[in-house]
Amino acid sequence: MTDNDRPADPARQPPGGSRAGRGQQARFGFLPASGRRPATVRAAGDIDLANAGQFQAALDEAAAASPAVTVDLTAVTYCDSAGIRALFNAARQVRLTIQVAPAGSITETLLKVSGLDQIAAVVTLD
Amino acid sequence: MFTADEEVGRDLAAVDWATTPLGPAAAWPQSLQTAVDMLLSSRFPMWLAWGPQLTFFCNAAYRRDTLGRKYPWALGRPAREVWAEIWDDISPRIDTVLATGQATWDEALLLFLERSGYPEETYHTFSYSPLRDEAGAVVGMLCVVSEDTGRVIGERRMATLRDLGSDLTAVRTEQETLEFAGRQLDRNRQDLPFTLTYLFDGDGGTARLAVSTGIAAGHPAAPAALAAGDPDPVWPVAALLRGETSLVDLVGARFDGLPAGAWREPPVQALVAPLAQQGGAWYGFLVAALNRYRPLDEGYRGFTSLVAGHLAAGIASARSYQDQRRRAEELAELDRAKTAFFSNISHEFRTPLTLIMGPVQELQRLLSDEPRARGELEVISRNALRLGRLVNALLDFSRIEAGRMQASYEPSDIAQVTAELASVFRSAVERAGLDFVVDCPPLPEPAYLDRGMWEKVVLNLLSNALKFTFDGSIRVAVRAEGGDAVVTVADTGIGVPADEMPRLFERFHRVENTRSRSNEGSGIGLALVQELIALHGGTITASSAEDAGTTFTIRLPLGHAHLPAGALVPAGHAATVSANADPYVQEAMRWLPGTAADGDDGAGDQAPAQEILPAGDADLPAPASRLLPARVLVADDNADMREYLARLLRGAGYLVTTVTDGLAALGSVRADAPDLVISDVMMPGLDGLALVAALRADARTAAVPVLLLSARAGQEASVEGLHAGADDYLVKPFSAVEFVARVRSNLGLARFRNRESQFRRTLIDSLQEGFFVTDSDATLLEANHAFLDLVGYGPESLPFRWPHPWVPDPGGDLEGWAAVAGAFAGGKRDGGGRYAVPVRHRDGRTVWLACTSATVPSPDGRGRLFVGTARDVTAERLAGQREATLAGFAAALAAAREISELLTTAAREIAAAVQASQVTAALWSSDGTPAITRWSRADQDHGASDHGASDHGASDHGASVAVREALEGMRRQPAASVALLAGDEGTVLLAAPLDGSGSSAIAAELPAGPVAAEVRDLFTVLTSHLAQVLAKARDYEQARAVALTLQHAILAPTALPPGFAARYTPAVPPLEVGGDWYDVIPLSRQRTGVVVGDCVGHGLPAAAVMGQLRSASQAVLLRAAGPAEALTDLDTFASRIPGAECTTVFCAIIDPAAGTVTYSCAGHPPPIVVTAEGQYGLLDQARSVPLGMRLPDWERPQATATLPPGATLLLYTDGLVERRNQSLDKGIDAAAVTMAERARDHPDDIADHVMSAMTPAAGYEDDVAVLIYRHPPAPLTVRVLADDPSCLALLRARLRHWLPTAGIGPREGADIMIAAGEAAGNAYEHATAGRPAGLPPVQITLTARAVSATVQVTVTDTGAWRPPAPDREPPAPGTRGHGIIFMHALMDDVAIDPSPRGTTVTLTKDLKS
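Order-wise, the sequence lines are chains D and L. For the first sequence, our numbering gives the first residue as 1, with consecutive numbering after it. For the second sequence, our numbering gives the first residue as 1, with consecutive numbering after it.
Watch out, some of these pointers could steer you wrong.
[As the list claims (entries may be wrong)] Heads up, simulated SDA-like pairs for lysine to any residue below, C-alpha to C-alpha not over 20 Å straight-line:
1) L:Lys1032 - L:Pro1256
2) D:Lys112 - L:Pro1306
3) L:Lys1408 - L:Ala60
4) D:Lys112 - L:Ile1381
5) L:Lys70 - L:Pro295
6) L:Lys1226 - L:Pro1256
7) L:Lys70 - L:Thr100
8) D:Lys112 - L:Ala1385
9) L:Lys70 - L:Gly154
10) L:Lys1408 - D:Ser105
11) L:Lys70 - L:Ala27
12) L:Lys70 - L:Glu7
Note that these hints are calculated values from the structure, not bench results.
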């Protein structure tokens, strides 16, 4: 079984499985602090080389606006070391709280293995 | 060397082999090297011994399971040293292997291993096989071991628990229960070297030894009694009284010489556990000496606590059973005695009374001139009179108790009625020289009284007062007080001693040694008074001072709100004092001096006739003069009676012939017909009724008049007699006057026809049974008093035209109307018949009448008349309805599947049966919290049930404080008791306990007003039945919980190898735990054995068989060449285990490398294979019979099927696919389709999906085991051009999709995604960084393959590798280089192979099992 697909050819992409379906196109958003809600960066989908720069930019924007930033990674389906690097950079500038999906998820594993959970507060959400 | 296992290999390498007989490892022969390699690579526990000293080697599995703390010391040592403690057991086996080259096999061999620092009871199944050197000589041995300790001990404990729970039906008393339990416990002296069961005394102060096992009586550790206050008790009684379980070290003199049970050494510890009672108290405690060779782990503790639980449950059940049985026996005995007593009264009392009274009257007349004889006769007469009154009073009681005392309450001026009753006594009181004060001013409101009953109340009290008062006065007063009428009867008599007051109203209780006007007294009068007042909704109290007097105070509510509406009647006749008052006065008169012997025609003569004879007409005209004396034939088997009757008749001038039985009478009449036949009903041979029938059947004798005599007072009896054709009927006792009068009238009737109508009037009115005559238009022409009483109308309204006023209104009760109308129509058509019809009594209640009618020609010769009799069968009818209700109730309860449903159903049904507005049941758990189940009419169709709601108020959960208090109060009452309590807002609560142990109760809320006896009876019957059902359900739920726990304990904790998923579900309650199992057994050469089986039967026995078959299947699969051989071995095994035959088993060996599954099937449904593409098929070859059914010469077949890459295999038990009214094929097909829907999902997801999609609407009716295996899919290969970073997303997407198809779960999948993603990211960077524009883009290839328990992912690029800079290794957090760290952290192996043409990263991960 050999595939020689190009990413631009969605018609031949395999269907998503129920457990580990295809990652979402990444999206990032910054919500300034408001009321009881802290300044929040929300990320969704796969974070990798292709979009780590956008992620970094969103984090920088938040860090510039607030001394404490919450990053919501609960909708992140994949994150590589470039994404982790962006979080390390942000953690050096502001007080960082990271929300992740429960134990065993990709993001939770990464935060542990990278040691990011030592310098940022990690909140596990269901 | 030693590379097959890293850790054990390292320790083996560290052994200084040169000092062993084997020499340096490098110089070992190839045979030894191969043996050690094989040993280390096996995942099954093994050890081997080689060379002259049998030098010891083992693998990691053996180290983990068996060797324990002896590792790594044991490596390289002589086996004799390693296993010194069991060498005597194992060396003969090893010698055999070495000497003969034959392998040995031992199953579940008991070995005491010292691997945890103490000698431990362990069981191992193992085989010793020879190991040979290059020359073929046996130089060593290999031992393959599986430890069975958990199974053997688990099964042993399970057997004890099972035995404890068996044979409950044969057990009766508490002592028998405990002795039975003791015999079971005594059979397991391994886990319970000795046990002592102590029970606390009633006051909890002392614990007494009830049963012991394994220890002799009188041992200092087993004292017969333990005082709670003992400062140094043998067993910690104080802690036990707090409900605590304690561990006791058995040290000190009192524990010297303890018995050792099944072991060599006595126990060193004992667990002492309380025997918990429902509701938080303790029956006693269990001392369980512990097996010193096993740790006191959770399983051991659990076992002892289950044993204690069993004992406690047994005691509870026995006590409750005893209680119930004792009460039931008492009640039944009482009932029998009462029934027998009352039914005997007629025979035993009335016949002799007649024989006393008659002659006495005769003598009194004859001897009226002899004062002495007259005095004696007066005594006889008076006592016979008293006996008659006593009989009548007892009959009143029996009616009240049976709820058949039909009261009719009419509005009455209680002051006037009472004053008039009192006035009857005035002359007697004044003659006794006492003042008589009657102070009865009119009250503002009428009281509702049953006149007859009230009369008895007042007259009894007055008679009582007169009897015990010698000076002073008697005072009767009536007042109104707070809505009650208060009637007091006060005397200045001798009073009642204080210590007698509490028993004053007790039946048959008499205050002894008191001065009174008469020694007569049955002790029944005041008890009857109390009952009669209670029927009026009132109370009576007494206050008394000795020598000062006694005052009785009656309080009756005014108005009628407290009385059943059905029993109210309009104000009736003016006469307020009936003739029944006379006997009281006359009896009292006799107590007074100078009156007892007054005159011949005084009270002494009149009273007996009034008192003990049924209503009769003593004033019939004297016989007319006649020409010849009439001839009378007397037939009676009682000689006294015969002679007495003959004497009376002769005295009256008749000619008498006597015979002793019916046949003689018949013969005599046929020979010479007399003018009258007088016959007893009960006679040997031909009885009175048959005699009448025989006479009437013969034309010659048909006209002879017959007078029947009987001791049977029942209405049926007289009707039977008259139906048979008798002319008259006389019930014993009768007076001489009455008898002679009847004879005279019958003779007169026969001789003088003009007397007919008068006779008939007399006759039918003397009947206690209703009698009526209608014409053919159903107009009721004539009826006797008994009939009119039944319907509540007076004779003045006769005749009644159809429809009679008591016929139910067709508008309100069409059914009742139709029944009555149908009865008349049917009677007219058929010339009579028997019917049971409902009629509406004038007071509104419904009365059921059993009517018998016959047709006779009209006397005037025009048309026909219908004569009928009617009997009140309302009570029987209600009893019949009660039976029907109970049957419906039992059926409804039988449908309930668990306790909460049972109680909800019961509450609803009871509410419907007793017309309750709500019914609440409570079950108390051992911590004292009640679970409340409530059904309320207000909630209509849905039963609101909430458990554990004890802390909530009435507003939340409906059970009000009154209801809760009623339940709390009743729970500790003896079984089968019922109480009437006050509810909220005037409602009435009927409450009962549901067992005798205080853990449950039920209460029904009824509308205000008295509760009918029928309702109360019905409630008793229903709650008793519920109690029985509940007790059974509780036993059942407990047994089911034990079986389920065991089933889970046997199946549960095994971790499955990668690619497997399994599920087990028990059948829904009340269906039982079954014997399904599954197993996955790792075999050599990466192969895996799989087994799914289903034992016959349910419950604990099936679970036990399952456990044994499961471990046997493990052993045989490890030894056998293939599944067919394994099943053949299991056949043998199954034939030795009772209950194992007919088990169905599917057994297979999966070889992932070859992509095949080899299988054999013993009567089991065929497994399903689904390809990754969703096509499915069955493993339906190699089928044969279930275990133990094989014929001797017949071989089990075996087949092999190919598993395509990514295919999924489903093994299951029939519960998954078997449905009623549906073929098995259809079910299998449905399961296959369900699976195919998820062909690429992870096995766990498939398992969940199949189990839930296949669940029937009502849950599984049988237990279900499923086992799923995912065959590794084809390797994944993805190739992309690194022209844009988005290519990485594609690589990951394909990998993400592939992982579950390889059976890789989400956690490990996440690890692989991260590592592979980093490798791909690196590849992209290498491929693009610094690449001159214009060159074609670099290609990145990702491959993934799953082999057995390993996943390997490679990422290859065609770019240049850029190693991380040396000064950045390891990288500081937050810098580049994380990718490599992630790979190493998450993968088991990372290999990076850079080359000028590109770089290959190989990531390997071992999947955990």
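Comparing the hints with the structure gives:
Distance check on the hinted pair: Lys1032 of chain L and Pro1256 of chain L sit about 27 Å apart at the alpha-carbon level, beyond 20 Å; violated. Between Lys112 of chain D and Pro1306 of chain L the alpha-carbon distance is near 17 Å, which keeps this suggested pair within the 20 Å criterion. For the suggested pair Lys1408 of chain L and Ala60 of chain L, the alpha carbons sit about 16 Å apart, so the restraint of at most 20 Å is met. For a cut-off of 20 Å, the pair hint linking Lys112 of chain D to Ile1381 of chain L stands: about 12 Å separates their Cα positions.
Under the criterion of a C-alpha separation no larger than 20 Å, the hint pairing Lys70 of chain L with Pro295 of chain L is consistent with the structure, at around 19 Å. At roughly 14 Å between alpha-carbon atoms, Lys1226 of chain L and Pro1256 of chain L fall within 20 Å of each other, so this suggested pair holds. A threshold of 20 Å between alpha carbons decides the hint, and for Lys70 of chain L with Thr100 of chain L the separation of about 30 Å lies outside it, so the pair is violated. Between Lys112 of chain D and Ala1385 of chain L, the direct Cα distance comes to roughly 10 Å. Compliance with the 20 Å bound is thereby established for this hinted pair.
Taken as a hint, the Lys70 of chain L and Gly154 of chain L pair is broken in the structure, with Cα atoms around 26 Å apart against an allowance of 20 Å. A hinted pair counts as satisfied when its Cα atoms are at most 20 Å apart, and Lys1408 of chain L with Ser105 of chain D qualifies at roughly 17 Å. The suggested pairing of Lys70 of chain L with Ala27 of chain L is violated, with an alpha-carbon distance near 27 Å, which exceeds 20 Å. Our distance criterion of 20 Å between C-alpha atoms is met by Lys70 of chain L and Glu7 of chain L, whose separation comes to about 15 Å.
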